[in-house]
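Asker: Sequence:
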Amino acid sequence: MNYVAPTALLTINGAIAEVCLNRPKALNAINVEMAIALRDIFAELAQNTEVRAVILRGEGRVFMAGGDLNYFREASDKHAAAEALIGPIHDAVSLMAGLPQIVIACLHGAVAGAGMSLAMAADLAVAEQGTVFNMAYAKVGNSPDCSGSWSLPRIVGVRRALEIALLSDDVSAEQAMSLGLINRHVDKGQHEIEAKKLAERIVASSPAAMTNIKKLMRQSYDNNLSQQLDAEAEAFATTATGEDFSEAIEAFFERRKPVFRGL
Numbered sequence: 001m002n003y004v005a006p007t008a009l010l011t012i013n014g015a016i017a018e019v020c021l022n023r024p025k026a027l028n029a030i031n032v033e034m035a036i037a038l039r040d041i042f043a044e045l046a047q048n049t050e051v052r053a054v055i056l057r058g059e060g061r062v063f064m065a066g067g068d069l070n071y072f073r074e075a076s077d078k079h080a081a082a083e084a085l086i087g088p089i090h091d092a093v094s095l096m097a098g099l100p101q102i103v104i105a106c107l108h109g110a111v112a113g114a115g116m117s118l119a120m121a122a123d124l125a126v127a128e129q130g131t132v133f134n135m136a137y138a139k140v141g142n143s144p145d146c147s148g149s150w151s152l153p154r155i156v157g158v159r160r161a162l163e164i165a166l167l168s169d170d171v172s173a174e175q176a177m178s179l180g181l182i183n184r185h186v187d188k189g190q191h192e193i194e195a196k197k198l199a200e201r202i203v204a205s206s207p208a209a210m211t212n213i214k215k216l217m218r219q220s221y222d223n224n225l226s227q228q229l230d231a232e233a234e235a236f237a238t239t240a241t242g243e244d245f246s247e248a249i250e251a252f253f254e255r256r257k258p259v260f261r262g263l
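Numbering (the working numbering), first residue to last: 1 to 263.
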């Protein structure tokens, strides 16, 4: 099954989907067309019960160089232009964060501006050696979008987040790994292989467990302890009635790997 748009591609192979940013000549900079395509793709994936993991990658030399500055340069009404772009891309980010599937950002080259924000909004991230991260917004006289100001302080802390955003210095893949911006730092050319391995591990796990873990972690910042305990109790009790939980218990006592079927 394939969904094709000029600026974004969705390919589904079994339980793994791949979302490809497809403006390589523009370094995958986001324009309105790409923003709408990503919104529609993530909306479609939200309804797909067969897909269990999503790999987000960029075509060409980089993951994403940020927003399309030429779009703003040519706009006579920059406020209207900003609204036309930010509306659908923010919808896309919100949809991606809320997907029942686990989203893995597969990163290479430049990961800048909105590209860095988008990468941080994914659930897991893999980057090859030589990948360079830069918030970049300050360099163009503006502030973060695409949830960058939400994700960055939660990952690295407020003081470090301010440094990264205010100074817009390059962050190497090695530094990104030490800061927790990525989960895996791999050799050149190995990022897609590693992302696929992670996706396959997710697919081999209990779907309910993966979905509930993601949901609980993401809502934890908005809950107090009592609310989070209630959410954990509800999720655990509901999942405990499924066949996958029973299979996992039997496999534990039989000293074998469980075979999850999503039931």
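For the record, the hints were derived by calculation from the structure and aren't laboratory data. Source: prediction; values computed, not measured. All C-beta atoms in this analysis are idealised placements derived from N, C-alpha and C, irrespective of residue type, glycine included. Accuracy of the hints is not assured; some may be wrong.
Straight-line distance between alpha carbons at most 30 Å, and here's what the computed DSBU-like set of lysine-lysine pairs gives [what the hints assert, rightly or not]:
1) Lys25 / Lys257
2) Lys188 / Lys214
3) Lys196 / Lys215
4) Lys78 / Lys197
5) Lys139 / Lys196
6) Lys214 / Lys139
7) Lys78 / Lys139
8) Lys196 / Lys214
9) Lys215 / Lys25
10) Lys197 / Lys139
11) Lys257 / Lys214
12) Lys214 / Lys197
13) Lys215 / Lys139
14) Lys257 / Lys196
15) Lys215 / Lys197
16) Lys197 / Lys25
FRET-style restraints, in silico, Cβ to Cβ [unchecked claim]:
17) Gly14 / Gly130: 23 to 33 Å
18) Ala75 / Asp169: 46 to 56 Å
19) Glu232 / Leu69: 40 to 50 Å
Asker: Work down the list of hints and note, for each, if the structure agrees.
Answerer: Hint-by-hint comparison with the structure:
The suggested pairing of Lys25 with Lys257 is violated, with an alpha-carbon distance near 45 Å, which exceeds 30 Å. Our distance criterion of 30 Å between C-alpha atoms is met by Lys188 and Lys214, whose separation comes to about 29 Å. Distance restraint check for Lys196 and Lys215: the Cα-Cα separation of roughly 22 Å lies within the 30 Å cut-off, and the hinted pair is therefore satisfied. The hinted pair formed by Lys78 and Lys197 fails the criterion: a straight-line CA distance of about 42 Å is larger than 30 Å.
With a C-alpha separation of about 34 Å, the suggested pairing of Lys139 with Lys196 is violated against the 30 Å cut-off. For the proposed pair Lys214 and Lys139, the alpha carbon gap of about 33 Å is over 30 Å, so the pair is violated. This hinted pair checks out: Lys78 and Lys139 have alpha carbons roughly 18 Å apart, not beyond 30 Å. Proposed proximity of Lys196 and Lys214 is supported: the alpha carbons are some 19 Å apart, at most 30 Å.
Simply put, Lys215 and Lys25 have alpha-carbon atoms about 36 Å apart, too far for the 30 Å limit, and the pair is violated. Restraint check for Lys197 and Lys139: not satisfied, since their Cα atoms lie roughly 36 Å apart, outside the 30 Å limit. A threshold of 30 Å between alpha carbons decides the hint, and for Lys257 with Lys214 the separation of about 22 Å falls inside it, so the pair holds. With a CA separation close to 19 Å, the supplied pair Lys214 and Lys197 stays within the 30 Å bound.
Between the alpha carbons of Lys215 and Lys139 the distance comes to roughly 34 Å, so the proposed pair goes past 30 Å and is violated. Simply put, Lys257 and Lys196 have alpha-carbon atoms about 20 Å apart, close enough for the 30 Å limit, and the pair holds. A distance of roughly 22 Å separates the Cα atoms of Lys215 and Lys197; the hinted pair therefore holds under the 30 Å criterion. Of the pairs offered as hints, the one joining Lys197 and Lys25 holds, with about 29 Å between alpha carbons and a cut-off of 30 Å not exceeded.
Take Gly14 and Gly130: their Cβ atoms lie about 31 Å apart, and the range 23 to 33 Å holds. In this structure the supplied range 46 to 56 Å is violated for Ala75 paired with Asp169, their Cβ-Cβ distance being about 29 Å. In this structure the supplied range 40 to 50 Å holds for Glu232 paired with Leu69, their Cβ-Cβ distance being about 44 Å.
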